[in-house]
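Asker: In our numbering, the protein residues as written are 9 to 147.
One should not assume that every hint holds.
Said to hold, decoys possible - Okay, derived cross-link-like pairs now, DSBU-like style, lysine-lysine, Cα gap no bigger than 35 Å in a straight line:
#1 K61 x K107
#2 K135 x K61
#3 K118 x K61
#4 K135 x K107
It should be emphasised that the hints constitute simulated quantities derived from the structure, not laboratory data.
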Amino acid sequence: RDGELMGLNVSVLTPRRQLDLEVCDQVVAPTVLGQITVLPSHRALMSELELGKVVVERANGNNTVLAVSGGFLEVDKDRVIILVDTAETADEIDAVRAKEDLEESTAALKDLGVGDEGYEAELARFKRAELRLEVVQVN
Numbered sequence: 009r010d011g012e013l014m015g016l017n018v019s020v021l022t023p024r025r026q027l028d029l030e031v032c033d034q035v036v037a038p039t040v041l042g043q044i045t046v047l048p049s050h051r052a053l054m055s056e057l058e059l060g061k062v063v064v065e066r067a068n069g070n071n072t073v074l075a076v077s078g079g080f081l082e083v084d085k086d087r088v089i090i091l092v093d094t095a096e097t098a099d100e101i102d103a104v105r106a107k108e109d110l111e112e113s114t115a116a117l118k119d120l121g122v123g124d125e126g127y128e129a130e131l132a133r134f135k136r137a138e139l140r141l142e143v144v145q146v147n
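Sequences are here, hints too, so could you generate the full structure?
Answerer: This is the structure:
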């Protein structure tokens with residue numbers, strides 16, 4: 009590294025806010041083609057994100073974990089831009105509500121078949137709740 013500050017500058021953009029994260033060492037994100045790890049000096053890239061956990065890792069261990077909805081990730085040199093509908097840190101997640109959503113959606117899915125009306129919505133609710141609880145437990 010020859011004494012110069014190297015790292016990734018990460019911005020997370022949602023319709024409601026912009027979250028600029030301090031310089032980090034790598035970003036791990038859930039793309040539709042599988043998990044991707046972005047390191048400094050990564051080649052330019054644009055990828056579609058799916059519902060999942062984005063981990064912004066730092067050498068000091070002070071990582072940021074976000075529950076994100078689908079969207080896009082753009083990499084240009086040492087800049088990472090994450091465009092998503094929602095992004096929540098563990099501190100922003102209401103764990104009690106997420107647990108209730110998980111229980112309610114689990115019960116609803118037991119009464120629904122794959123082709124039934126409302127199945128896809130309940131499945132999405134289940135996956136969001138499961139993700140939110142996972143992010144809370146990581147921190």
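Asker: Next, verify each hint and record whether it holds.
Answerer: Cross-check of the supplied hints:
For a cut-off of 35 Å, the pair hint linking K61 to K107 stands: about 17 Å separates their Cα positions. With a CA separation close to 12 Å, the supplied pair K135 and K61 stays within the 35 Å bound. About 26 Å separates the Cα atoms of K118 and K61, which keeps this hinted pair within 35 Å; it holds. Between K135 and K107, the direct Cα distance comes to roughly 12 Å. Compliance with the 35 Å bound is thereby established for this hinted pair.
Taken one by one, the earlier hints all hold for this structure without exception.
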